[in-house]
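So the sequences go chain by chain: A and B. Quick note on numbering: the first sequence equals residues 1 to 249 in our numbering. Quick note on numbering: the second sequence equals residues 250 to 571 in our numbering.
If you're looking for bench data, these hints aren't it; they were derived computationally from the structure. All residues carry an ideal CB built from backbone N, CA and C; glycine is no exception. Wrong hints could be hidden among the right ones.
[Stated by the list, open to error] Here are some chain A residues the structure puts well away from chain B; computed CB gaps all over 10 Å:
1) Gln32
2) Ser58
3) Asp108
[Stated by the list, open to error] Listed next, the in silico SDA-like pairs over lysine to any residue satisfying Cα-Cα at most 20 Å (straight line):
4) B:Lys569 - A:Glu245
5) B:Lys556 - A:Asn240
6) B:Lys265 - A:Asp161
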Amino acid sequence: MRILVCISNVPDTTTKVKFSNDNTAFDDSGVQWIINPWDELALTRTMELKEDASNPVSNVTVVTVGPAGAEPTLRKALAIGADDAIRVDAESGDAHFVAAQLASVVNDGEYDMIFCGIESSDYNGSAVGGMLSEMLDIPSVSAVSSLRIENGEAVITRDIDGGKEEVSVPTPFVGVVQKGIAKEPRIAAMRGIMMARKKPLQVVPAIEAEPLIHYQEYVMPEPKAPCKMIEADQVKELVNLLQNEAKVL
Amino acid sequence: MSVLVYTENWDGKFKKLSLELVSYASSLAKMVGGSVTALSIGKVEQDELSALGAYGATNVLSVDDAPGGLDNQLYTSIITAAMEMTGSKVLVLAHNNTGKAIAPRLSVRLKAGLATGVTALPESVDPLVVPKKVFSGKAFAKVKILTDSAILTLAQNSFELTETGGSASIEAFDPGVDVAGVRTSIRDVQKQEGKLLLSDAEVVISGGRGMKSTDNWGPIEELAEVLGGATACSRPVSDEGWRPHEEHTGQTGKIIAPNLYMAFGISGAIQHLAGVSSSKCIVAVNTDKDAPIFEAADYGIVGDALKVLPELVTEIKAAKAQ
Ligand SMILES: Cc1cc2nc3c(=O)[nH]c(=O)nc-3n(C[C@H](O)[C@H](O)[C@H](O)COP(=O)(O)OP(=O)(O)OC[C@H]3O[C@@H](n4cnc5c(N)ncnc54)[C@H](O)[C@@H]3O)c2cc1C
Ligand SMILES: Nc1ncnc2c1ncn2[C@@H]1O[C@H](COP(=O)(O)O)[C@@H](O)[C@H]1O
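The following block holds chain B by itself, in its conformation from the complex (with noise of 0.2 Å):
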């Protein structure tokens, strides 16, 4: 039974996301007793096509002469002509825009049930059975899938990296699907160029609404610049205009997972933990001892952000420099 996995680029590069796909569809492939074929569309090198092969892909599929913008119909032909001509049973594709826009559409063209926000293996593969989150994050379902076919998409920094050192065969694919269909047509295209994206970001370091003004936010930027991390806050800090809207985090914003996520003047309401809660450390400063954000923290200093943050500042810069 052959996986596919779509994998993403971004102009032309593949980034961590699409190789946590590629590991994660290889070890559901030796579950189920095959082999992974990835999915390019767009523009992409040979060499950069080829390194999939590192993460167990032992075939890619490539359609360079994909259309500039994402047309949810159009997508979902070219993936459901690979699913036909791989004769796959199972798709991973990433829980982010894309995923979401057009693994709903592929489950009712392909008639396979879909797991969304997938946060490991399966536990069983006959019936497949994988684990979600549900509740935004308060707590995981086993979802069972019903048909002989199933989507998945995989949630984002859920599965290690696993270099398998193996090496893919890249074939041009061509899907045979009709472009004259496409209704929706894109008028312009705003990149965020240059800025570690919050949702790549392995380091996060955030403020709230203790942080009391927009002008305090010096030193989170500069910590995050230390460490190589990207900055996000909590909602009234963007629903204030101190800070941009992507950088909300939470519930109704993003939900990032990244290694360490560095709370200050934060109260830690559900709504925010709904976002963040997935991160592998959390360290919160807060003046109030009693701030929920304690129970969901892992390292905690009852203090004031303003008068911490520098030191933290000065102190990592003396611990990097060793």
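Same shape as in the complex, but just chain A (with noise of 0.2 Å):
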């Protein structure tokens, strides 16, 4: 079996946000990259199924649609575990043009099980996996909370809303990935870290795809009113203003 694990390169979670060029526009400057955290977890997810003999796991990809600025995120995936690594030279566009690439890459590489973050965590777009799983024309199993190998199938935890199902689906598809999957993120030993730098990174050009949305404008929030604080000896006033003035009770 190969697997496919599509990797988003986020900033930072605890990132600043700020905006340039009129607000139209992400200012990476100083910002620190990481794998987005969905995808560290599909990827620690992977790694455990690949060490466990009892799985037929032959090779495990990561891929990234970015400029080569992403490549330390990718090399960071290597070193976590994945035998090689794929990068599409192209800036990451909207998630029909990166599903869009991401297919081709599929197409050309065969692969079993193919999985993808429930969200980039700068985006939040929830978009990829299932444009890419469409584009192929192959099942898709969302909010997986659980995976594991029987008889040649992936059997599935996934949440729905109110609940949750098991399922069991063939390959190839599309799992998108949610918290659950894995326990903590794997770090890259040094050991890792030393292999990764021998592990292929191939880089293949963008094929022609349309963007289908723009992000035209962002905005900060506006802020907030401060906080009204209340003794802890006035719990009763803090009852008070929730039901009079809040109008939350």
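Build the complex from these two chains, which are given one at a time in their own frames, with help from the hints.
This is the structure in structure tokens:
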């Protein structure tokens, strides 16, 4: 079995967000880039599957659509344990553009399981995984919170609104993963980092693809009114405010 | 230009979420000059279906012999058939697990630009430009749809219910799709019976590591019960196993937007706030006056949550009794 993990290169989750060019572009000066948290969990689970000899996992590839600046993030994924990496050389563009690039990578590579995260922590799209599966015309399973391999099929727990379901799906498919898929993300060990330098990282050109949407402008939220502080022995006053001022009780 | 809205049901009933979607679609239809058709999949009684009319749907398409489980490809085909049949150019769905699963597939199938997690009505309709949250709530973006057709997933609790008092005609709809192609098979379903879901709750009482131990959750549960709300927690609390994973809110957990969010012993890390900052009113109780939660809160008490909580339960019970 060959597994492809799609990796979105995102600003560290503690980044103070700023915009430039009249609020039409994200200002990435001084930003630390990381593997999107859900993609990191997907990669972690993939490594667990591969290490368990009872699973027929032969190869793990990571892929990102992005400029050369995204390569350290791919190297990090190699250091965590992926066997090889692909970078599609393009500015990442909208979800449709990205999914089209990934579909082309999948068509060139024959993967049995393809993992995406439930969203990128920057644009919060929740779109690429589903789009990719539709372009490939293969099943997708969303909100995956656990996954194991059984008789060549994947057995998956997914969240539905108001519960959980266990489903099974034959390969190939796209799994859109969320928290729970792995407990803690893996951190690359020194040995992994050394080995990652020698692992193959292939750069492929982008294919033509149309964007369907455009991020036209960014706006910061309205600054909030300062917090009204109440003395710890005035709990009654808090209740009064919630009832009569905020009107939320 | 007609608007199609997918109204999901839970065991035959629509929730507030579905009505929010219809309300939104109906305001949107006024802007683009058209009417709203609601699509319902699964067995729902006529009364329940026609109730959608009160929020602005003029027509309801009902596919009532749909298969039990959600197969993303099958649902994509059903909704595509409804879009084609009604000639709709805009589709509205919820930004929940279902919407996130099928909207992207529909975007490709219908060649329709997709904006997810939309927070308000469009600011222009030609071209269609809608606001959405980005960077986990740290900013908003205005998304321009570049295609003729558009798909919007609406963030929960971002649109008020608006009763228009109309009535809807109901039509049985046969999408003519083939279930033989379904490849995901459902082995087991576990519903969260009887419990108010965190994502549906108007009041959420939440505890962090400052609550010290799983044994101290009694008053949090009691407060939630008194207020008819749900309980939540920060990530370390669910990692420690003090509380179940479904309760973890924040960037990597659930994203919620209740009317009232009360945080006890939660520091207010940016990743936690990403899941709760859209709440209408936030109350924080924390021993550290410099805790970042106070920057996000509307009302705050610097003090020991373990002492404040029982008093709060008593005072709220007293206020409710009046
Ligand atoms: C990629 C990533 C994703 C993350 N996602 C999430 C997420 O989704 N959700 C999430 O919650 N976290 C998330 N985190 C973790 C987050 O950064 C914080 O570590 C976490 O939110 C802290 O939880 P806490 O406030 O309960 O604990 P702490 O930070 O330990 O804070 C405890 C607070 O309790 C106060 N306190 C102590 N005793 C009392 C008392 N007796 N009464 C009142 N107050 C008291 C303290 O002053 C302190 O402010 C994420 C982190 C990363 C790196
Ligand atoms: N530029 C990208 N390159 C590779 N994978 C991506 C990229 N953008 C998004 N993805 C994948 O799609 C998932 C969902 O992203 P999004 O639709 O942008 O929220 C991410 O978790 C990744 O797995």
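**Report entry** Earlier hints that do not hold, by number
**Finding:** Violated hints: none; all satisfied.
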